[in-house]
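> Spelled out from the first residue to the last, the chains are:
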Amino acid sequence: MFKGGQTTSPDVSLPHVTNSHLLSYPNTLNFYERPPLFDVTVEEFETCALDRLRILAEIESSLARNRNWDELSTVTKTQCDKYLPLNSHRSIRFTDLEAERKKDHLSHFVLRLAFCRSEDLRRRFVKSETLLFKVRYEIALTEDREAFLGSRDFNWTIVPSQEQTQLKEDLERAFIGSKSEFERTKYYKVKWTRVPDLVEKRKVFLKGGWAYVPTKEQSSIVFHEFESHLEKTLETTARLLPRLDEDTRLLPILNNISQGFLAGVSSEWAGASGSDNADEIKAEMIDEIARRSFPLCMRMHHEKLRKDKHLKHFGRLEYGLFLKVLGLSIEEAIVFWRKSFSRIEDDKFNKEYKYNIRHSYGLEGKRANYPARSCIQLLAPGSSEHGCPYRNFDEDNLPTTLISVYGPQGLRSSDIREVTDTVKGKHYHVACTRVFELTHASCGVNKGDGIGGGESVTHPNQYAARSMELRKPKESKDAMQVDP
Amino acid sequence: MTEVESPSPEIMLTFYNRLYPFKSIFAWLNHSHKPGRLFTHREFAFTINTSGGEAYLRYNSFNAADELKKQVCTLNPTRFEIGPVYSAKPRDRKTLRPGALQPELRELVFDIDMTDYDPVRTCCSDADICKKCWPFISAAVKVLDRAIREEFGYEKLLWVYSGRRGIHLWISDKAAMELTDIQRKAVVGWLGVVQVGKDSSKKLNVRNAGTLPPSLQAALQELRTVFPALILRNQKLFASEEGYLDLLKCIPDSKMADKLSSKWEDSRGTSEERWEELLGEAKKNQNVWNAIEDVILMYTYPRLDAEVSKHRNHLLKAPFCVHPKTGRVCVPVDPHTVDSFDPSTVPTVGQLLRELDEMGNSNGEETKADWEKTSLKPYIELMNNHVRTVIDVKHEEDMTW
Numbered sequence: 001m002f003k004g005g006q007t008t009s010p011d012v013s014l015p016h017v018t019n020s021h022l023l024s025y026p027n028t029l030n031f032y033e034r035p036p037l038f039d040v041t042v043e044e045f046e047t048c049a050l051d052r053l054r055i056l057a058e059i060e061s062s063l064a065r066n067r068n069w070d071e072l073s074t075v076t077k078t079q080c081d082k083y084l085p086l087n088s089h090r091s092i093r094f095t096d097l098e099a100e101r102k103k104d105h106l107s108h109f110v111l112r113l114a115f116c117r118s119e120d121l122r123r124r125f126v127k128s129e130t131l132l133f134k135v136r137y138e139i140a141l142t143e144d145r146e147a148f149l150g151s152r153d154f155n156w157t158i159v160p161s162q163e164q165t166q167l168k169e170d171l172e173r174a175f176i177g178s179k180s181e182f183e184r185t186k187y188y189k190v191k192w193t194r195v196p197d198l199v200e201k202r203k204v205f206l207k208g209g210w211a212y213v214p215t216k217e218q219s220s221i222v223f224h225e226f227e228s229h230l231e232k233t234l235e236t237t238a239r240l241l242p243r244l245d246e247d248t249r250l251l252p253i254l255n256n257i258s259q260g261f262l263a264g265v266s267s268e269w270a271g272a273s274g275s276d277n278a279d280e281i282k283a284e285m286i287d288e289i290a291r292r293s294f295p296l297c298m299r300m301h302h303e304k305l306r307k308d309k310h311l312k313h314f315g316r317l318e319y320g321l322f323l324k325v326l327g328l329s330i331e332e333a334i335v336f337w338r339k340s341f342s343r344i345e346d347d348k349f350n351k352e353y354k355y356n357i358r359h360s361y362g363l364e365g366k367r368a369n370y371p372a373r374s375c376i377q378l379l380a381p382g383s384s385e386h387g388c389p390y391r392n393f394d395e396d397n398l399p400t401t402l403i404s405v406y407g408p409q410g411l412r413s414s415d416i417r418e419v420t421d422t423v424k425g426k427h428y429h430v431a432c433t434r435v436f437e438l439t440h441a442s443c444g445v446n447k448g449d450g451i452g453g454g455e456s457v458t459h460p461n462q463y464a465a466r467s468m469e470l471r472k473p474k475e476s477k478d479a480m481q482v483d484p
Numbered sequence: 001m002t003e004v005e006s007p008s009p010e011i012m013l014t015f016y017n018r019l020y021p022f023k024s025i026f027a028w029l030n031h032s033h034k035p036g037r038l039f040t041h042r043e044f045a046f047t048i049n050t051s052g053g054e055a056y057l058r059y060n061s062f063n064a065a066d067e068l069k070k071q072v073c074t075l076n077p078t079r080f081e082i083g084p085v086y087s088a089k090p091r092d093r094k095t096l097r098p099g100a101l102q103p104e105l106r107e108l109v110f111d112i113d114m115t116d117y118d119p120v121r122t123c124c125s126d127a128d129i130c131k132k133c134w135p136f137i138s139a140a141v142k143v144l145d146r147a148i149r150e151e152f153g154y155e156k157l158l159w160v161y162s163g164r165r166g167i168h169l170w171i172s173d174k175a176a177m178e179l180t181d182i183q184r185k186a187v188v189g190w191l192g193v194v195q196v197g198k199d200s201s202k203k204l205n206v207r208n209a210g211t212l213p214p215s216l217q218a219a220l221q222e223l224r225t226v227f228p229a230l231i232l233r234n235q236k237l238f239a240s241e242e243g244y245l246d247l248l249k250c251i252p253d254s255k256m257a258d259k260l261s262s263k264w265e266d267s268r269g270t271s272e273e274r275w276e277e278l279l280g281e282a283k284k285n286q287n288v289w290n291a292i293e294d295v296i297l298m299y300t301y302p303r304l305d306a307e308v309s310k311h312r313n314h315l316l317k318a319p320f321c322v323h324p325k326t327g328r329v330c331v332p333v334d335p336h337t338v339d340s341f342d343p344s345t346v347p348t349v350g351q352l353l354r355e356l357d358e359m360g361n362s363n364g365e366e367t368k369a370d371w372e373k374t375s376l377k378p379y380i381e382l383m384n385n386h387v388r389t390v391i392d393v394k395h396e397e398d399m400t401w
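Keeping their order, the protein sequence lines are chains A and B.
Numbering of the first sequence is given in full-length UniProt numbering, commencing with residue 1 and proceeding in unit increments.
Numbering of the second sequence is given in full-length UniProt numbering, commencing with residue 1 and proceeding in unit increments.
It is worth saying that the hints were derived from the structure and are not from the lab.
Since the model is a prediction, treat every value here as computed from it, not as a measurement.
We put the beta carbon where it would ideally sit given N, CA and C, even for glycine.
A few of these clues could be false.
[To be verified] Taking lysine to any residue pairs in the SDA-like style, the calculated list, with each CA pair at most 20 Å apart, reads: (1) A:Lys309 x B:Gly99; (2) A:Lys348 x B:Val196; (3) A:Lys191 x B:Leu105; (4) A:Lys232 x B:Lys89; (5) A:Lys232 x B:Glu104; (6) A:Lys191 x A:Leu149; (7) A:Lys77 x A:Glu138; (8) B:Lys23 x B:Asn49; (9) A:Lys191 x A:Pro242; (10) A:Lys191 x B:Gly153; (11) B:Lys89 x B:Glu104; (12) A:Lys201 x B:Gly210; (13) A:Lys232 x B:Gly210; (14) B:Lys310 x A:Asp346; (15) A:Lys207 x B:Lys156; (16) A:Lys201 x B:Asp181; (17) A:Lys354 x A:Phe341; (18) B:Lys377 x B:Asp357; (19) B:Lys185 x A:Ile344; (20) B:Lys310 x A:Gly209.
[Stated by the list, open to error] Chain B regions said to be covered by chain A (calculated; three or more residues, Cβ under 8 Å): (21) 220 to 228; (22) 349 to 359.
Whole structure, please, built from the sequences with the hints as guidance.
If you want it as structure tokens, here you go:
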């Protein structure tokens with residue numbers, strides 16, 4: 001499989017700065033308050049960003065899969081060890097701590113440049129970076145953590161023992177934990193707005209707008225501070241970015257990186273992690289399969305979903321059932337739709353969409369095994385927005401769409417005439433079959449072969465299944481050439 | 001008794017022209033007498049009656065109180081709503097680049113609606129409200145008013161009767177205006193106890209290791225005093241079989257519950273007698289005693305419409321609008337005297353205009369504003385007193401009404 005961007009191994013990619021060893025990066029934890037001010041090669045710039053991106057993509061994907069905190073933390077740790085290790089100075093492994101930390105620092109700031117450009121990218125970046133920080137904060141050595149807390153002003157007040165005694169009864173009532181734990185705890189006072197998560201769950205004592213945070217919840221303040229600091233600086237970066245007087249070297253890299261994240265990055269290296277089973281279709285693979293093997297009707301659903309981050313009811317129904325028959329499991333289907341509807345909050349998704357997805361898999365309601373729509377059903381009158389595009393698109397629209405969708409698969413403008421002529425004769429399935437032949441010419445399909453033995457397309461799933469079958473042996477041959 | 005009336009467009013127009021306190025509303029939203037972003041970047045939305053039904057006009061904004069008044073008198077809406085302060089003037093929305101119009105500041109608002117109490121009231125349902133169920137609202141006002149002042153430290157609270165069956169709260173403290181949606185959601189999480197809607201019969205889960213957190217302990221203190229009159233005497237909730245079975249469902253000791261259930265089956269006890277009986281039993285068992293406290297919270301704790309409070313861009317009906325169904329004016333309510341507030345004595349717009357007509361004939365003092373001659377006077381004074389606390393201190397000397 002491809003291993004894009006992984007040309008240099010981390011050990012050699014970054015130069016050592018031996019003298020200032022633990023001075024520039026005394027800690028594994030970093031609030032990223034100072035930008036990196038050293039020279040890097042364009043290659044380092046890209047590779048370290050991609051390495052960090054793999055980790056963030058895995059975190060996003062864990063969220064979409066509803067992994068719990070322990071699972072998420074384990075997965076993230078594994079990814080970190082692989083792509084962006086950060087050892088403490090106590091570590092027995094021989095490592096160049098300075099280089100590790102420098103890479104962490106640099107990669108964070110490169111991704112800031114890539115992800116500051118839109119509200120959506122910023123939100124997702126902040127969310128996954130904050131989770132990454134949480135994971136690292138939890139595994140950091142106590143001494144590192146304490147040094148880190150001391151290295152920066154978090155602007156909290158330690159509640160004096162006199163005040164703590166005065167408020168003892170209330171504090172104890174609000175305390176979650178054993179009595180002996182309560183006797184030992186210290187309290188930090190912050191404006192309640194800095195710990196909204198604790199307030200929402202009534203985990204603190206509130207008085208006059210101040211939250212009294214016990215030691216064990218102290219990390220909430222730190223995480224929230226990390227999050228809001230990153231949000232603010234990303235907005236600043238977004239404002240300044242247009243003024244970046246840059247030649248043509250960095251912007252394409254940044255564009256590329258942010259595109260990758262948008263499309264659910266992990267696809268290109270899902271194979272590399274070796275964790276998937278070859279036949280199973282994962283949510284992350286849909287983009288790729290759609291590009292190579294979907295008939296136009298389903299491809300249109302997919303494009304619309306990507307563009308609007310939403311599909312209307314009948315669109316979801318048609319496309320969802322198609323994906324089910326394609327082989328997407330219910331778990332992966334939920335991940336796929338959850339990630340695709342990126343503008344919708346978790347609450348709303350779970351309430352309004354999850355049920356319908358499960359319903360279409362026969363897990364809710366009357367538990368029927370719904371089949372996917374066939375061409376005949378899609379061609380039925382009344383399906384204006386959805387249905388068969390060969391029938392529903394107008395004369396101007398169809399050729400442009402076909403070229404933009406299937407151009408990369410080998411469809412040329414000189415072929416279009418033939419297709420539109422069949423459409424004029426209302427032979428929509430013939431048009432679709434002809435497109436299949438033309439786009440699979442590289443797999444050895446000739447005119448008149450149809451989807452095998454001269455058969456015409458009668459079902460979108462038949463089209464996709466045959467295409468995937470044809471593409472499969474070839475893909476592995478390609479991969480072998482790239483990755484001997 | 002005042003008759004219920006749907007006001008005609010002519011009546012509404014006169015009301016806007018002669019009585020609606022645009023100046024007070026302006027100063028309250030603007031925190032100053034000189035127009036600033038808090039007013040000019042603020043969204044107003046109008047509901048107007050058209051031949052084809054109702055139309056809802058969003059994204060209006062105005063440079064000053066006069067401009068607002070002019071537009072209101074031109075459109076003559078049945079009501080209008082107030083939204084957030086945006087990053088730009090909402091009316092310029094079409095000329096801005098996409099995404100440039102973001103809600104920035106907004107009063108923290110709460111909406112309590114009597115319909116959410118339907119599972120625990122027997123006197124009326126839906127849109128109706130009577131003297132027997134108003135105490136639900138007044139209990140909610142007292143509990144929330146205390147919690148917000150003492151726990152969150154906000155001071156500039158304005159309670160407004162919604163004109164029919166509910167009450168709104170507007171908090172204008174600078175810190176409250178600046179809250180993000182996440183923080184607003186946190187406030188709702190902190191204050192919300194009873195699930196509203198279809199989950200309303202769900203058991204409460206508010207204790208940790210059997211202890212109520214201090215905020216709810218304080219709420220309980222208040223609600224304990226309200227419970228007997230409201231739930232037992234007014235609503236008589238446990239007199240019916242359905243009612244007492246619901247109550248016994250909350251008792252964790254099933255033996256005790258069965259015992260009481262079979263005993264009450266044949267007797268014709270009042271809610272008070274049954275409650276006393278239950279308390280007698282519960283004293284022996286801490287677990288049951290906790291459940292009793294939870295019952296008090298469950299039946300009387302404020303039921304919030306969470307969505308209204310969670311998002312900055314949610315619109316809420318402006319104070320002093322007229323409720324289109326009842327004709328009553330949405331007047332401010334003083335939380336100190338909320339117990340004696342009687343929704344049925346709130347002036348209707350029709351009544352106010354009659355008062356104006358009668359005054360007009362008697363040729364009173366010419367210097368007075370129209371509203372001062374009507375029964376709207378005490379409410380506008382209440383509003384103006386509140387506005388005085390909201391106005392920035394440095395503008396204090398500008399007070400000119």
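> Each of the hints needs a verdict: does it hold here or not?
Structure-based check of all given hints:
At roughly 17 Å between alpha-carbon atoms, A:Lys309 and B:Gly99 fall within 20 Å of each other, so this suggested pair holds. As the CA atoms of A:Lys348 and B:Val196 are separated by approximately 17 Å, the hinted pair is consistent with the 20 Å bound. Under the criterion of a C-alpha separation no larger than 20 Å, the hint pairing A:Lys191 with B:Leu105 is consistent with the structure, at around 18 Å. Between the alpha carbons of A:Lys232 and B:Lys89 the distance comes to roughly 23 Å, so the proposed pair goes past 20 Å and is violated.
Restraint check for A:Lys232 and B:Glu104: the C-alpha separation of about 15 Å stays at or below 20 Å, so the hint holds. Among the hinted pairs, A:Lys191 with A:Leu149 is consistent with the structure: their alpha-carbon atoms are about 18 Å apart, no more than 20 Å. This hinted pair checks out: A:Lys77 and A:Glu138 have alpha carbons roughly 11 Å apart, not beyond 20 Å. Straight-line distance between C-alpha atoms of B:Lys23 and B:Asn49 comes to about 25 Å, which puts the hinted pair past the 20 Å bound.
For the hint pairing A:Lys191 with A:Pro242, the CA-to-CA distance comes to about 35 Å; that exceeds 20 Å, so the pair is violated. A threshold of 20 Å between alpha carbons decides the hint, and for A:Lys191 with B:Gly153 the separation of about 10 Å falls inside it, so the pair holds. Proposed proximity of B:Lys89 and B:Glu104 is supported: the alpha carbons are some 12 Å apart, at most 20 Å. Taking the CA atoms of A:Lys201 and B:Gly210, the gap is near 16 Å; set against the 20 Å cutoff, the hint holds.
The suggested pairing of A:Lys232 with B:Gly210 is violated, with an alpha-carbon distance near 41 Å, which exceeds 20 Å. Under the criterion of a C-alpha separation no larger than 20 Å, the hint pairing B:Lys310 with A:Asp346 is consistent with the structure, at around 15 Å. For a cut-off of 20 Å, the pair hint linking A:Lys207 to B:Lys156 stands: about 17 Å separates their Cα positions. Proposed proximity of A:Lys201 and B:Asp181 is supported: the alpha carbons are some 16 Å apart, at most 20 Å.
Straight-line distance between C-alpha atoms of A:Lys354 and A:Phe341 comes to about 11 Å, which keeps the hinted pair within the 20 Å bound. With a CA separation close to 16 Å, the supplied pair B:Lys377 and B:Asp357 stays within the 20 Å bound. Taken as a hint, the B:Lys185 and A:Ile344 pair is honoured in the structure, with Cα atoms around 16 Å apart against an allowance of 20 Å. At most 20 Å may separate the alpha-carbon atoms for a hinted pair to count; B:Lys310 and A:Gly209 meet this at roughly 18 Å.
Chain A is given as covering the stretch 220 to 228 of chain B, and this is violated because 0 residues of the stretch bring a CB closer than 8 Å to a CB of that chain, at least three being needed. Only residues whose C-beta sits within less than 8 Å of a C-beta in chain A count toward coverage, and the stretch 349 to 359 of chain B has 0 of them, not enough to reach three; the restraint is violated.
Of the hints listed earlier, those the structure fails to meet are numbers 4, 8, 9, 13, 21 and 22, in rising order.
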